[in-house]
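Turn these sequences into a full structure, and let the hints guide you.
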Amino acid sequence: MGSLDQQTLPAALKARGVSRRQFVKFCSTMVATLALPPRYLGAVVKAMESARRPVLVWLEFQDCAGNSESMLRTSNPTVTEFVLDLLSWEYHETIMAGAGKQAEAALERVVREHKGEYIAVVEGAIPTADDGVYCTIAGRTALEIARHVCSSAAASIAVGACAWDGGLVRANPNPTGAVGLQEAVPGIKVVNLGGCPHNPANTAAVLVHYLTFHEMPALDQYNRPLFAYGNIIHDQCERRAHYDAGRYVEEWGDEGHRKGWCLYKMGCKGPEATFNCPVVRWNDGTSWPVKSGHGCIACASHRFWDNKSPFYKRLPQVPGFGVDVTAEKIGWVALGAMAGAAAAQAIGSTIRKKVRPPEASEGPTKPSSSPEA
Amino acid sequence: MARIVVDPVTRIEGHLRIEAQVEGGAIADAWSSGTMFRGIELILRGRDPREAWIWAQRICGVCTMVHALTSVNAVEDALGIEVPDNARLVRNIIAATQTVQDHVVHFYHLHALDWVDLVSALQADPVKTSQLAQSISDWPKSNPKYFKGIQERVKALVESRQLSLFGAGYWGHPAYHLPPEANLMAVAHYIEALAFQKDFIRIHAVLGGKNPHLQTFLVGGMATSLDPNEPGATINPERIDFLLQTAKSALEFVDQVYIPDVLAVAGFYRDWFGRGEGLGNFMSYGAYPQGSIKNPSRFFLQQGIILNRDLSKVYPLDPANITEYVTHSWYDYAGGDAAAKHPSQGETSPRYAGPKPPYEFLDVDKKYSWLKAPRYQDKPMEVGPLARLLVAYASGHEEVKSLVNGTLAKLNAPPAALFSTLGRVAARALETRLLASHLVEWIQALSNNLASGDLRIHNGEKWDPRTWPRSARGFGFFEAPRGSLGHWVEIEDAAIKNYQAVVPSTWNAGPRDGHGQRGAYEAALLKTPVADPERPLEILRTIHSFDPCLACAVHVVDARGHTYARATAAAG
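Going down the list, the protein sequences come from chains A and B.
The letter at position 294 of the first sequence is residue 294 when you use this note's numbering, and the numbering goes up by one with no holes.
Start counting at 1 in the second sequence, then tack on 1000, and there's your number in this note's numbering.
Rather than coming from a laboratory, the hints here were simulated on the basis of the structure.
Check each hint, because a few of them may be wrong.
List time: in silico BS3-like cross-link candidates among lysine-lysine, alpha-carbon distance up to 30 Å [claimed, not checked]: (1) B/Lys1527 to A/Lys115; (2) B/Lys1410 to B/Lys1527; (3) B/Lys1462 to A/Lys265; (4) B/Lys1356 to A/Lys101; (5) B/Lys1462 to A/Lys308; (6) A/Lys101 to B/Lys1148; (7) B/Lys1145 to A/Lys25; (8) B/Lys1497 to A/Lys308; (9) B/Lys1248 to A/Lys259; (10) B/Lys1148 to A/Lys25; (11) A/Lys115 to B/Lys1497; (12) B/Lys1155 to A/Lys25; (13) B/Lys1248 to A/Lys46; (14) A/Lys101 to B/Lys1155.
Which chain B residues face chain A? A few, computed with CB under 7 Å, are given here [stated by the list, open to error]: (15) Val1158; (16) Gln1162; (17) His1213; (18) Asp1363; (19) Val1404; (20) Asn1405.
All C-beta atoms in this analysis are idealised placements derived from N, C-alpha and C, irrespective of residue type, glycine included.
Written as structure tokens, this is what we have:
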């Protein structure tokens, strides 16, 4: 394609028929998702207006394409669609026009011509057993491709549980020696967006944050953005008042179930899961699993497949009625007190001060239920 | 003679590689290879059968929920559980929604660019485009200003010299035949369909909590409580209203955009009604129970087998006739790789025997895929929308007959035209029409139950594992968007002892069997012309017409508890 001209976001938006009003509305949604104080709206709008179009590539390894599909359902539809397009999304197997050698050439060109500048999104686990033969693309192993592409990226974003920590593919007995991106390619800058799948509203917000501040948002010790993973689901749950009042679903379809009572006794993992799922919700903010009648499976928690199952077994030793479960009590170590309404402010100030918690490639809880690869 | 490799085959789910031998400008032979393996069934062992669906659903995130549904079907079969009528209806609604959404996304976002030249749309006259669009449909957006706007967007994209997802397309390829106006119309609808799929799938968010990977299935029913007077119930009159409105708008989109577009595109590519035929054997498990799941004869879409393109006869289906070969797959059978085994008696030890990566070509004379080769009575079968439609057509399904005959008349084509690349495209569109209209009916039926006070959504008699027999076996089946899906489960001491899935794309994308018989993709590619071996657009057309889903297709079966052996990479 010759030289890759870069076009500013507003110009590109205008060319695509997006009004300034729609654009500002989009920016304010992003500010809210990122839990930034409202006065940051101006900064986001300004930053977005001067943003250049970074190149993005989306790699798929041992995946189900659920994170790609989730991205297609992004909840700030028209504008987000165009913003994503405006990122110059140059490689993504599930939806790109080119195939075979033309597709691979596009990827190579990005690595060559945009070294250190592009964003690499990774979906799916990476098999490490037996020299990586369990996943090859164009005759090369996923491991080789991940090393090659992600080590030359400005930043990498692991979307979904599998790319974060190996996810289901890594669940016991981990037949293929699957791991997440940060283990497969140590030493690179990774933002992990756990969840099964990732919530595209959060992913869009991370990309906007990157465009605005030229760095990734504040992360926790799992390299997950605090704005999305800093709060306990139970504390944000619309059924919480029923828990506090001792009103539980006892059987599927009973009166309590029909009235929207608490699902704790049906195995809900909300009290020990962190995610902004109840607030951001899914599919244009339409619903989330608990609202639709089923317990949370803690899909955004570390190694949740092994650590949080069986999913219908009720959590032991959850404190009694009206007692808040704090982050410390469930073994999730946060930046000070992060529970409740204080969280948004804390995250905002974290971003403002650009204080970044110490990075660690592995989380604090070392999983023991399955063998390491 | 030239060997063409397409790897990755993009605009599909998963990792598929096609190698083809080209002689005299056409494909003389072809090999289909799945290049990714996860081993999900092994991971399922020892877990609570009631949550198997949560795990199995992750086999695929594109046809999300089909493995969840088939999994609960299998466990319910093993434990002898019948679900309440409301659960049946909610499952039908969720499944039909999935298929409608999946088919629309397939046509516009995964397949259309094989027929539509994006760059050619720049040459279109928006006024003429509008006339073309209005001549085939009443869709209200089709005015010159609208198409002019779309054209400006494409122009801005092309002039930026960063074509994003469209950068590596085969634009200008001699096999593209649409006039610029038809290309512009299709590009406009590509963009509209992106918005459609996102809005329409909110049905899943209401009934499943989210999409992809819904979270409201239960062994015994659904977690979607219903109550006419409770705002906290998942299903109440307000939500019914939302579901109905959303389903009706889908029907409008299908009638006014999708079907007319398919007919318009097909009109310019009539050659492709004579290409990509493939096996001529078709199978459908049947889907959408209208009463008990034990009674497939009353399913909305029929069960059966068609052999050798003979629509005068539909053979009954017996799952006992299903076997799998590993002769050309990267697995070992202890008793030798020449013979096939029934899934419930099968065994699988993955053993990679391909070239050491990075490699240029596979050794296609030996083993060359992570997919097994399933067969029915030792015959390869095509599954998917075309197979379902043909089985229903040949079984006398009145609605299907009228849809198919009407469409063939419009295209001035004989029924034999259906055995083709475009036949698959047309069948998918017609099935979408069929299911979108019945979606409305199923929602209405749910509403009627709600009004009549039938609020049962879950049969909890066997929820407690202490009520289960010590051991049990079950078979669950469904027709996923891409075809016949079966899950086999064996339960012992309230845990999964064995689990296995034989899925649609294994039937279609599988390699050769012990007799050297080609799989459906391999057979369909034969004789396909290839104008430019460097840009094998024609291969994509036929492969995409099947709507490949490779993550689904690769699996592990080890029903007899054989020790798992890790693959060893062969050198060279």
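>> Are any of the numbered hints broken by this structure? If so, which, sorted upward?
In response: Hints 1, 6, 11, 13, 15, 18, 19, 20 contradicted; others consistent.
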